[in-house]
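Asker: Dock chain P against the given chain F, drawing on the hints supplied.
Protein chains: 2
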Amino acid sequence: MDIAVIGLGLIGGSMLRALASAGHSVLGYDADPATRATARTAAAQSARDSRWQITSTVRDAANAASLVIMAVPLPAVPGVLDELVDAGYTGLLTDVTSVKGPVRDLVRTHLSRSANPLAGYVGGHPMAGRERSGFAAADPHLFTQCAWVLCLEETTNLSDWLELASLITSLGARVVPTTADEHDRAVARISHLPHLLAVALAATVIDNPLAGTLAAGSFRDGTRVAGSRPELIAAMCGGNAAALRPVLDEVLDALDAAGSLLESKDPMKSLVPWLRPGHDARSSWPTPAGDSIDLPAKADVLGRLGRVGGWIIGVADDRRTVTAVRPARPD
Amino acid sequence: MDIAVIGLGLIGGSMLRALASAGHSVLGYDADPATRATARTAAAQSARDSRWQITSTVRDAANAASLVIMAVPLPAVPGVLDELVDAGYTGLLTDVTSVKGPVRDLVRTHLSRSANPLAGYVGGHPMAGRERSGFAAADPHLFTQCAWVLCLEETTNLSDWLELASLITSLGARVVPTTADEHDRAVARISHLPHLLAVALAATVIDNPLAGTLAAGSFRDGTRVAGSRPELIAAMCGGNAAALRPVLDEVLDALDAAGSLLESKDPMKSLVPWLRPGHDARSSWPTPAGDSIDLPAKADVLGRLGRVGGWIIGVADDRRTVTAVRPARPD
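Residue numbers (the numbering used here), protein chains in the order written: chain F, 7 to 337; chain P, 7 to 337.
Same shape as in the complex, but just chain F:
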């Protein structure tokens, strides 16, 4: 497959390497000339059968491609879309941005002014580690076993979706079918909210050096992601503000209830029922995988799979079935 990767940070760079290793013909582009130079040097040093090429414009990368992957942060998406429209790109389009509703809306707005309609857009989001960033941290094995959301909306062309799902499962990832809105509400819970809590917790040791000295494991883990750059956290959380706000309120209500229990007559007892549901949820996470099964490759079947926490690990060559896994039910 001829694929263009626009944006060569951790995710884009890792995709460039992973797709080239899988035998695809890959062109990469990054807006930063230094990143392009680094990626060109790395290409020359890579194995002969897994090389990529770096172009100097979005247009040059997209020209020959039948799939364009946008691997840029949300604020850079509109500019890339404009360049794709100007280049007359008409192939398949996906992205890896951590919010999906806003990208879907941007795609809709920007492509409406295009003379040539796009083959299709399928929003994507690999839940891949972000401890280090930039092309230097790129790793072709980053996506092994990672959950990779592919948005399956009512308007999505199912064969486009299956084409991408086939490509992404071939990289070792677990493809999770869901909608942009369901994705955004879910990541508000498990990715964006944890960042706000980590930052609020970290701030409690400011002006309290004694607390900083006594802090150990629970503080270390509870605040780890506060070490991410504030601009990145703001882009993630702010870009998903509509979904994050009600989840934040849910947690504020829960903590408010805990505060009342702290004032009850015997908080050492009264807190226990407040603690148990969260404790049980964490103790049964991650849910073990059930057996793999073959399912018909139909939109409604795949939508139900995502909603119960399932994923697919392969797409049949004839695109009629997928191999799926559901979380095992607790006994």
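Just so you know, these hints were derived from the structure itself, not from any lab.
Mixed in with the good hints, there may be bad ones.
[Stated by the list, open to error] A few chain P residues that don't get close to chain F, going by computed Cβ distances all over 10 Å:
1. A28
2. A49
3. R65
4. A82
5. P84
6. A93
7. S120
8. L124
9. T162
10. G178
11. K304
[Said to hold, decoys possible] To give an idea of the chain P side of the interface with chain F (calculated C-beta under 7 Å), a few residues:
12. A221
13. L258
14. S289
Predicted model only: the values in this text are computed from it and were never measured.
Think of the CB as a built atom: it goes at the ideal place given N, C-alpha and C, for glycine as much as any other residue.
Answerer: Just chain P now, with coordinates in the frame of chain F:
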């Protein structure tokens, strides 16, 4: 030194082993007969020069001791104090409970009815890992480099305090001098609050299997301590309710402000200044240690040391000076 350890869970068991290895004569007791049997078997298998003995009553353990270490959870403290009073124990007393004000008050109440006044009580708290629990997880090296609070109140006998500080630094721990009240306010921030946040966060994936499947690193680390037993978390948080409540309110106010920013015109920008202080606090934690210095072993000097996040790593044989470390100032 003749030492009795009452309670042989992770902390008590580790102290038993560490003190025996350091050449002290150690007697251990646990209310659970099975734990006593396990500890007796382990004693028989330990090296000849680092053995301990297990007694069948608190009285037998305390009889010969000049130091008793209470290593039981807060709810069990009153019972142990009663037994020590009944046994006529008059030596030095310390504990390892995670809240210090309530234990101080219990000691005051229970010993007031004793005919023989105690030599002295010094509250203690090792900030040591709790991933696993019970005597089976006991490790004589658990306290290496760990911060170990020893409460230094206006009423504390300084020579008792220095005696304990000398013993504990000899186990490789960093002794942090502070008061029970300052300790309780600090651990509310860095230990008890993280547990409440972890549990509230973990609860957000209940009834959302999609979120559970997408959850990765930030959820895993942010919820880790929610895996602790609800009864243990309730005992910690409920036992420190008075100090925890205002810290919880502080975080609720901060998160409430973040919620308002999510509703602002451009949350991707307006969140940045909210995020920066917590980010900076986490990025500079743990503060690197400065050079070690000798300080006079005086209560006011030690109190100031703890308040700026410092600790002591040794006590001179003549008890006139301590070797202290302050956190290095950032450049």
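Asker: Now tell me, hint by hint, if it's right for this structure.
Answerer: A quick look at each hint next to the structure:
1. Consistency note on P/A28: stated as away from chain F, and its beta-carbon is indeed over 10 Å from all of that chain's, at 23 Å minimum.
2. At roughly 29 Å from the closest C-beta of chain F, the C-beta of P/A49 stays outside 10 Å, upholding its exclusion from the interface.
3. Interface exclusion of P/R65 from chain F stands, the closest Cβ pair being 28 Å apart, more than 10 Å.
4. With a least beta-carbon separation of about 12 Å from chain F, P/A82 lies farther than 10 Å from that chain, consistent with its non-interface assignment.
5. Every C-beta of chain F lies more than 10 Å from that of P/P84, the closest at about 13 Å, which supports listing it as non-interface.
6. Every beta carbon of chain F lies more than 10 Å from that of P/A93, the smallest distance being close to 27 Å; the non-interface claim holds.
7. Against the 10 Å criterion, P/S120 stays outside the reach of chain F, whose nearest CB is about 26 Å from its own CB.
8. The Cβ of P/L124 lies farther than 10 Å from every Cβ of chain F, with a closest approach of about 26 Å, so its non-interface assignment holds.
9. For P/T162, the requirement that its beta carbon stay farther than 10 Å from each beta carbon of chain F is met, with the minimum near 17 Å.
10. Every CB of chain F lies more than 10 Å from the CB of P/G178, the least distance being 15 Å, so the non-interface label holds.
11. Even its closest Cβ contact with chain F, about 19 Å, leaves P/K304 beyond 10 Å, as expected for a residue assigned away from the interface.
12. Taking 7 Å as the C-beta cut-off, the interface hint given for P/A221 holds, the closest approach to chain F being about 4 Å.
13. Residue-level restraint check for P/L258 holds (minimum Cβ-Cβ distance to chain F is 6 Å; threshold 7 Å).
14. Hint on P/S289 holds. Least Cβ distance to chain F is approximately 6 Å, under the 7 Å limit.
Violated hints for the displayed structure: none, as all numbered hints are satisfied.
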